[in-house]
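Given next are the chains, with one letter for each unit.
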Amino acid sequence: MSANLINLLMEATLQTLYMVAISTLIGTLIGAPLGIFLAVSRRGELMAAPAANAVLGLIVNATRSTPFIILVVAIIPFTRFVTGTSIGTNAAIVPLTVATIPFVARLIENAVREVDSGLIEAARAMGATPIQIVRKVLVPEALPGITLGITLTIVSLIGYSAMVGAVGGKGLGDLGIRYGYQRFMPEVMAAVVLILIVLVQLVQTAGEMLARRFDKKAPKNRGR
Amino acid sequence: MQAQNMSDQAAISFRGVGKSFAQKGKDRPVTALEGIDLDVPRAAISGIIGRSGAGKSTLLRMVNGLERPTAGQVIVNGHDVGAAGTAELREIRRSVGMIFQHFNLLATRTTFGNIALPLEIAGVPAAEIRPRVNELIELVGLEAQANRYPAELSGGQKQRVGIARALATRPKVLLSDEATSALDPETTRQVLDLLKRINGELGLTILLITHEMGVVRDIGSHVAVIEAGRIVEQGETYAVFSAPSHPTTRSFLKGVTGVVMPRFLAERMVPDYAPGLQTVLQVTFTGSHATDPMLARLGTAMGLEVNILAGAVEEIGERPFGSLIVSLDAEPERLATARAFLHDHGLRTEVLGHVR
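For the protein sequence lines, the chains are R and S, in the order given. If you're matching positions, the first sequence starts at 1 in my numbering and goes up one per residue. If you're matching positions, the second sequence starts at 225 in my numbering and goes up one per residue.
What the hints contain is simulated information worked out from the structure, not anything from laboratory work. Ideal Cβ placement from N, Cα and C applies to all residues, glycine included. Keep in mind that the hints are not guaranteed to be accurate.
Short, incomplete list of chain S residues facing chain R, as computed with Cβ under 7 angstroms [as the list claims (entries may be wrong)]:
#1 Asn288
#2 Arg292
#3 Arg317
#4 Met322
#5 His326
#6 Asn328
#7 Ala331
#8 Thr332
#9 Phe336
#10 Ile345
#11 Ala375
Output of the computed footprint for chain S on chain R, the stretches with three or more beta carbons under 8 angstroms from beta carbons of chain S [as the list claims (entries may be wrong)]:
#12 114-124
#13 134-141
Pulled out of the complex, with its shape left as it was, chain S reads as follows (with noise of 0.2 angstroms):
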């Protein structure tokens, strides 16, 4: 998401794409989106996290052509969205599905009703339409639902209606507007799980926008944050989850990954070192090291004390991600070496503070 030499690779790619707009009772535009920069990987899962009102929405709309940009392009398999003329969108949006938060499925067409109206749009013999929309719900896994209306519908089996329904075209790209924000955990999960299998089955580009990060971490191979209208961290999303350098990516990251600092351990916790005081640290293993036995090699090699107090090992993008914080009974000097040992072993550290 962050080589200006992928242009050919990206699916979809923003460049300085910014988005203001008139409003009432304001002397100068309101500005949504800004400066924006990103190349979509091409047949990866990408994800957009942001708080609401952070722009998010604005920026996947873009990308279909629902809202256009006032600077900068947007360019969608080759062709600019931004400047497409009104036939040259209609087919950009057939190469683009879209699903979303409410389903927005037709009350009044059943799940096969609702998977054939995109064929219909698009102009799709009656005879074709029957197979393939068979197809695809056999790829959903409704078979036993064709005939029912949404209101006789799960949240997760809508959704499932909503993924079939925006696959229907072929497109090359799937935009998923918050799908799984209305949907409970377990449900959610599901739904997750298919698009990682579409993905993964069909070669599909998938952009996420997401106000959960768990959704990203665990499907979303590359992830971009959106702060007030810009991006200000972005990357692999095991980069940016195993090392968050923007505040907003730690506020999100808060207890979707790494450990929560005991309770008992932060109130008695002070910032600066004295004698007689222990260090807390916390260690972070990324990649292959994250389940090497680092702390016991520590120990043995310096003859350290080294006190567990919290820990987690979990995956980000299928890769271990571990972080523990700890306890060690050392003065500055000594510290500096044991930081030093852990970081020439592929480890990071951070002083959290100083416990008696």
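Just chain R, with the same shape it has in the complex (with noise of 0.2 angstroms):
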């Protein structure tokens, strides 16, 4: 492989880490407290606000239930108004970003709700605001549940990105189609491959490593 075939999949690593890092963040800035939010709305929960559960709700399963490469044409538009073009790395982040939300949104919900609902009863008993309570007891017993969804975000956010360079997006994904199978070049292909599956067994790993350290159930053995 020659060196220029090396640079090549340096820059397209270091682009999809990219547009992963930066969806990533923002698509959980705004999907965490969405799915806490989703969490206490319910009906008969700390913050019930059914109808605007059901709405928010609505929303998040028609999001998640388009398909991404259609999701990333659709909102074109909308791309467009956030980074004056609909081209390019940066605007490929919005429709992964877009993407991101809803479903980091679900997983958060699914882990805040794993929680003991007497935990809830306890802190309520104390006195505590709803606010109090997300924050002191819901957040850091769920912390383990919302690493390990957030890992699996990441993970499904390096597939999701390799469809970007439909809209020029760059990335491995694109590399490889590129090079890979337009140019007939496998060896590109599979080191692409090889790539993203260094790439997702980094993240799960270094997930699991981060949610164990936060889980206090198991007792552990610390020489005691």
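Got two chains here, separate frames each, mind docking them using the hints?
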């Protein structure tokens, strides 16, 4: 493999990492509060708002059920409005982020709903406000689940990012299609797949390690 | 718990409290509690006992507003909990601690962190939290476990954390929701001793719900028995336990106080007297009489032979309570005289049957 190709692979890897990092960051910043709200606004819950919950739930489901490649094209006007262009790596971040928000929201909603309702009752009995319960009880107790949810989100985003070549998003997927497939260079395709596998493995392992660190439920052997 | 003029001494008063809620598939609302009148005396330990589903948990949760009554009033330290607004309710809750059957500790916080939580919620400055938490850790004897997570603690230790946490904001009332039901007998004993000790040391009013009569017998000075959403019997534990009037109370007490009728006797017993039969009598001793040799005196006074078949003397609320099953060879007239003699000396008798 020529030095030129190696440079291309490096560049594409960085582009993928960039797209995944920014969309994970922004997607989680918006998706996490949304997920928490979805969990606590259900009927009979801490901040019951069944109507708002139903509307948001519907929007989340609609976004999640749209195939990603359709979403990329469908929101081009919005992408252009945000970034000024509909082509390029920055433009690709918009649909990636839009797809991340409902994804991460549902995962975080599930993690928060897993928290034992007895803890919420105990906190209410202490005179905690709903906001205090979210901050001091729900989020810390759901942190292992939230971490695994974000890990899953990143892994999925690495996959999605391979599709944004369709709008000039570049990155590893795009490189694989253009060189590996269209120029008949199987060694590039193989390299792209290999790098993706390594990336996913690294993310998964790191995420699980972090989640284990946050999880205090299983007694650990601390030499005591 | 019964007198109407006790309100000023009562830490918690239920006044005609009822709770009903709509249920799907039913035309009429389901009634969980009805017509509850109860005064919980200040600085004492009171127990509410009932089977699961009797409504005792709902009743307890009304004290800190986790449940609101649909009828009547719940007065806690002068506040009407059912009518309290959000801010007032939060204040009330900080003056009412609560412990739970399954402890409800945060898995992600250590002993220290769990006890600190109510203080953080109340907005206590961090500099004041540390000494207060250390004080509480000492109170419940968990110095060695201060930095451990709940998963590393035993059930009894977890409940001690729960108790320390409940006491953090210096409440006047402690609610206990089946706090020992998930613990083994030995650990239950230790937790009950701790509750009794803090009741004495801090002058804390403790209201506990349980389905275990033994818990109330050991530490409760007052008791209310709840059945199908109504209080069927209430009063001082000693009075209720030594002379239970309601069938539910009696069935709860079976095996907890008094003696169990020996099987050989129960099988041979007939309900009606006939000449030649012995009368089987349950004699209950209360208070100071529990240790008097009254049966021996009965023998001397009336020339009757008293045959003791089974018996037990135990403590309820630190007062002796005894119960004996005896048989007497006496025709109805002499029996009536003998019973009158025992009654005059403060003992209670009940004819259980007759046996040859």
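Notebook entry, point to check: Which hint numbers doesn't this structure obey?
Noted result: Structure breaks hints 2 and 9.
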